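Asker: Chain by chain, the residues run as shown.
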Amino acid sequence: MEQVHPQRKWQDYFSFSTDHKVIGVQYLVTAFFFYFVGGALAEAMRVELSTPDPDFVQPEFYNQLMTMHGSIMLFLWILPAGAAFANYLIPLMIGAEDMAFPRLNAVAFWIIPPGGIFFLSSFFVGAPQAGWTSYPPLSLVSGQWGEEIWILSVLLLGTSSILGAINFVTTILRMRIPDMDIHSMPLFCWSMLATSALILLGTPVLAAALILLSFDLIAGTAFFNPAGGGDPIVYQHMFWFYSHPAVYIMVLPFFGVISEVLPVHARKPIFGYRAIAYSSLAISFLGLIVWAHHMFTSGTPGWLRMFFMATTMIIAVPTGIKVFSWCATLWGGKLNLNSALLFGIGFLSSFLIGGLSGVMVASVPFDIHVHDTYFVVAHFHYVLFGGAVFGLFAAVYHWFPKMSGKMVNETLGRIHFVMTFIGFNLTFLPMHPLGLQGMNRRIALYDPKFQALNELVSIGSYLLALSTFPFIINIVWSVFKGKPAPRNPWRALTLEWQTASPPIIENFEEEPVLWAGPYDYGIDTESIDGDEEVEDMLAEVAGNT
Amino acid sequence: MQSSAVNESQLVIDSHQESGHHGHPDHRMFGVILFLIADSMTFIGFFAAFLIYRAIMPEWPPEGTPELELLVPIINTSILVTSSFVMHKGQVALKNNDIQGLQKWFAITAAMGVAFLAGQGYEYFHAEMGLTTNLFSSCFFAVTGFHGLHVTVGVLLILSVLWRSRTEGHYSSTSHFGVEAAEIYWHFVDVIWLILFVLVYLL
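The listed protein sequences derive, respectively, from chains A and B.
Every number in this note's numbering is 1213 more than the matching position in the first sequence, counting from 1.
Every number in this note's numbering is 60 more than the matching position in the second sequence, counting from 1.
Bear in mind the hints are in silico, worked out from the structure with no lab data behind them.
The model shown is predicted, which means the values in this text are computed figures rather than measured ones.
We treat Cβ as the ideally placed atom computed from N, Cα and C, and that holds for glycine.
Don't take every hint at face value.
Stated by the list, open to error - To give a feel for the contact side, a few chain A residues facing chain B, derived at Cβ under 10 Å:
no.: 1; residue: Phe1314
no.: 2; residue: Leu1317
no.: 3; residue: Ile1375
no.: 4; residue: Ile1379
no.: 5; residue: Thr1383
no.: 6; residue: Leu1386
no.: 7; residue: Met1388
no.: 8; residue: Thr1416
no.: 9; residue: Leu1419
no.: 10; residue: Leu1425
no.: 11; residue: Thr1434
no.: 12; residue: Phe1436
no.: 13; residue: Asp1444
no.: 14; residue: Tyr1448
no.: 15; residue: Met1451
Pulled out of the complex, with its shape left as it was, chain B reads as follows (with noise of 0.2 Å):
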């Protein structure tokens, strides 16, 4: 009934996957850069409004919006460049045939995932502002929540990369696209968190 259907899950598994069965080549990593377009377009459209009330409000902040406290947010982001780097590592060995060095590197990524949003968490708790005080702290809790669910997906993301490595095979050094898929979508969502800090707790 489903005959024609590329079992996807299938060619994970099949380490042979680029020289092909029936000659289905892989594009499912040109998928992912093509959905990663279409998603920073989100992140773009977020932003623009972002910078177009900055430009037309006539005080902005808007008066009686807290100073936003700059120590979390810092070492945040310092956290999430770091962990891309360690992700690569995962990466590499992968690369070299070393499975256990995936999973260390990509388990600490995952934990400096979850550290960035504990640390995202604190900052929510202790702002002096909340999502209606006015227009500015809308945009905040707005686009730093879109930002944050991303992390959260990509933490899922590491996490069933973890799950999956503990099959025997699952993952080589010519079988990778989930490991690929994950990384690229790490390094996207590290990308756009550089650009809204920029945006939202320095200008």
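Chain A extracted, bound-state conformation (with noise of 0.2 Å):
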């Protein structure tokens, strides 16, 4: 590592830096971390759950399981890892020397190994039982302590990824190269300023419902305790007025990435860029008023589902939007299959998936029917490992050689989509039929008739873990031993190309020219030459437009 910068030593990335790239390194690698730490939790239950009765680990531990593997892969991994990505690219794309306030995104960055071993600690005192959505009553009785650190822990996290969207939005609104208006910014900015937009307005209400769930807790009030005179369903509305933006918080991200990876990929221009970013600020907006969705068991009266199911619905269309530009974009394109594109299609395959079957739940009657079975589970799963899971492993195979200055191998890099996307499906797609015969999530016990389907499923999970090693390998493998990568191995147009790999220390040597849009593909690139001079590729673009 102590070759990656003349300036930058290896230590760097331990210590309170304010680099926004040693900071956008430092939330990958803990993210990473927490993906593991949550990939082996998935695992236990799916060896558990790979017979019905529980022979593995106890009931009540397999809901700590449960519980654990939910709020770490969402609070852990996804959201940290848009992060990272956010963090080390926005500065670099907008032509900026770092974010707006590098003091504080290094304050975001170092409350999450805090909070994440605070929030693994609770093991030790019995971890929590209630699910990710920790809903009162049952988190109110299901041990206290454990309950009580998921939520300060969820507080914690959720206070990092408000500073860091607050140093997103200033970044991507107020440093830009002045040559670089707002319709000329990459789509990866567009989403995270959707994103960002979400954190703002959505994780404060969260953190209300967590305060007042505290002093349920601790202090004995009733806010949400039925048995003391308060109101469940008022935490439901609170806690899902969150999470489900959180939902697109996840998953923005990573449609920025798909659009930065796939018209590089495929040699062509973005298709239809204003409707992708609009589209980014409608998911945004819709997002906000969608939540009781996931109510519409819990006593919703009739005119609200009908509201709900409606808005719902709606996300279809930006989002629908979406798939169809990058399946235009793709369109004829000179595709180069690599690691990169491959998990770029994978996500445009597994996130329609996803998205189809949201569409399904949406529906009043059909979601009364699958409401709490496996049927959902397959849903956000493929969502948010179809979508935001392949979206990121697309961005890390695509801005590897940026951020480490080396080259991935790609052998390795396509066996490593290969074996996730089999595991992916293998594990996921039985969960629908499981789902629609009425199989319960969140229960360690099932009826035997459902066996044959789990094994499937377990099969398809042990698969997906093994998929990880040859990633590991290469990203390890490629960090010490990889071929030095050029300053534009794709021939990208994007900014953070015109820089060294890795960036110098403040990204550039010079303010960075913007002489084409950032998806002018499709143009004679073949023939130019990465270091050719500025003028010349001028004259290319206009000669060719």
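Given two chains presented individually in distinct reference frames, assemble the corresponding complex, making use of the accompanying hints.
Answerer: Pasting the structure below:
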């Protein structure tokens, strides 16, 4: 690692550094650590669920595994992983030296490792058992200290998330190089703008709910406890006001990633720049008014169900606009099927299934049938694994040369993709029929008639676990022994590729020149040497458009 | 090692930050406003919960809830509203390079904030209900307490401005981020109180 940058030492990555690139890598490595922890918990659940009886762990411990798996994957894996790329890429993409508030940025990161360790420490006092939703009254009766640690950790991680969002919005809106207007910035920045708006508007409401829940748990109030005159439904409303947008907070950054990865490796301009940009904002706005679709079976009155069913289905429109635009971007392109694009296409197909099953569960009559079954588990894993995690791996393969200065091994990358794609579908596709047949989620025991499909799911999950090994080997090997990466290995047009790999300490030798739009591919770039003069490139662009 | 950092405390000292060395413009007020938007959502969460309880409970406040005493909160409201104007005079004084004026008006504002907190403490001790008496009392203490926490933070911000203003040239008519940030935060806490007062005491 000493070779990574002449002025950067490996110790920097363990320090309170204010360099957004160091912070981005810190976020990413921390997130991956918790991904493996959360993955191990999931594998333990799958071992238990390969038979209908509780023969591997006790049902109480299964509840803890389930709660911790969900919470870790959401709050300590996907959220920080999205923030990792936002931190690393936003200043580079807009030609800035750093984020708007570098020290605040470092503070936001350094909340996460202690928060995460504190969270894991709940296993010593009996981890929370009420699921990542922590619905009262269940969360009030299933182990006080584990639950309180859950609340405090989520408050800490939420604070980190808000501080990050303040930085992202300020940086994107205020620090672009003068030539770059808001309609010529990369789509990743648009998606982070939409994400950050949701973080700023949603997270504080979750904080309010958790503070009240904490009072119920510790001080003996009864905000959400029907036994003392409170109402658990109020918690559900407050919780989902954040936690439904949280789904978009977790997937929108990777919508942005896909909009960056597809055009570069298909050598085509993005189809519908403004449609994709504005649909991010539309998802962000609509995302704030759909939360009660999680509560169709919570005694929600009919007119309210109708409203939330309609708004939820409308979200399919901006999402569909994106999916069609991405397909149109690939259409007729000169596809370079490397690991990054494979994961990008894997994202498209898996996320499409998750999106469509989302429209299905948005429908009240259907939702009442499958509520709290494995159909819902299948749906959100297709969105969050098939969407967010595939997008995340696409991002890792796409920007690894920039971040480390080394190329990855393509063969290992493709093996990783094939294993992940097969393992993922083997794990989550059979959950659809399981849910339709009525298998309940969040319970360690199940009817023996579901055993065959559950064995299949467990085998798929083992394959998914194995698929991380080629990835880890590839990354570790490439960091130390990989082929040095040139400045712009993909011949991409966004600004992060105009500087060295890895970028120098304040990113650019001189203010970068915006000589083409971010997605002006399809011009004769094959013959353009990466180091040719900017003026020649400008002439090339002018001659071809 | 941390070479890319814009050293923010240095920026505060640097009176020519707007023109900027290395061309760093000052985005801090923008950040403060984003933070306040987020913070206001916490209060909106509390207020929404309060209004939902009010709407769905068969009786609100629940039977046996003592009437809230209005005299102290009305005095408190007028103290807080007045303090916003007093504080603004301090900021105007600074814009005229009158550091003494800034210190005078900010000191009065801090004292008024402390008076508000004292009034609220008096109210808590003389309330005929506790945190766990019923749902209304829980809401009352949670919401006013969370607001009181904000007032406390505001007083600490004002005191830190006073502390920093002792350094010659720390604040001037061209360098006043800390002063403005503390002021906008104080106005925010003031506006939240007015909404809270109407919701909890008057409705």
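Asker: Now look at each hint and say whether the structure bears it out.
Answerer: These are the hints, each one checked on the structure:
Using the Cβ-Cβ criterion of 10 Å, the hint placing A:Phe1314 at the interface with chain B is satisfied: the shortest such distance is roughly 6 Å. Interface hint at A:Leu1317: satisfied, since its Cβ lies 8 Å from the closest Cβ of chain B, which is below the 10 Å cut-off. A cut of 10 Å between beta carbons decides the hint on A:Ile1375: the least distance to chain B is about 5 Å, and the hint holds. At its closest, the beta carbon of A:Ile1379 sits 5 Å from a beta carbon of chain B; the interface hint therefore holds under the 10 Å criterion.
Hint on A:Thr1383 holds. Least Cβ distance to chain B is approximately 5 Å, under the 10 Å limit. About 8 Å separates the beta-carbon of A:Leu1386 from the nearest beta-carbon of chain B, less than 10 Å, and the hint is met. Using the Cβ-Cβ criterion of 10 Å, the hint placing A:Met1388 at the interface with chain B is satisfied: the shortest such distance is roughly 7 Å. Hint status for A:Thr1416 relative to chain B: holds, with the closest Cβ pair at about 7 Å, below 10 Å.
Taking 10 Å as the C-beta cut-off, the interface hint given for A:Leu1419 holds, the closest approach to chain B being about 8 Å. For A:Leu1425, the suggested interface contact is upheld, since its CB lies about 6 Å from the closest CB of chain B, less than 10 Å. Checking A:Thr1434 against chain B: minimum C-beta separation of about 4 Å stays under 10 Å; hint holds. Because the beta carbon of A:Phe1436 sits about 6 Å from the nearest beta carbon in chain B, less than 10 Å, this interface hint is met.
Below 10 Å, beta-carbon pairs count as interface contacts, and A:Asp1444 has one with chain B at about 7 Å; its hint therefore holds. The interface hint given for A:Tyr1448 is met, as the beta carbon of that residue sits about 9 Å from the closest beta carbon of chain B, less than 10 Å. With 10 Å as the threshold, the beta carbon of A:Met1451 comes within range of chain B, its nearest partner Cβ sitting at about 6 Å, so the hint holds.
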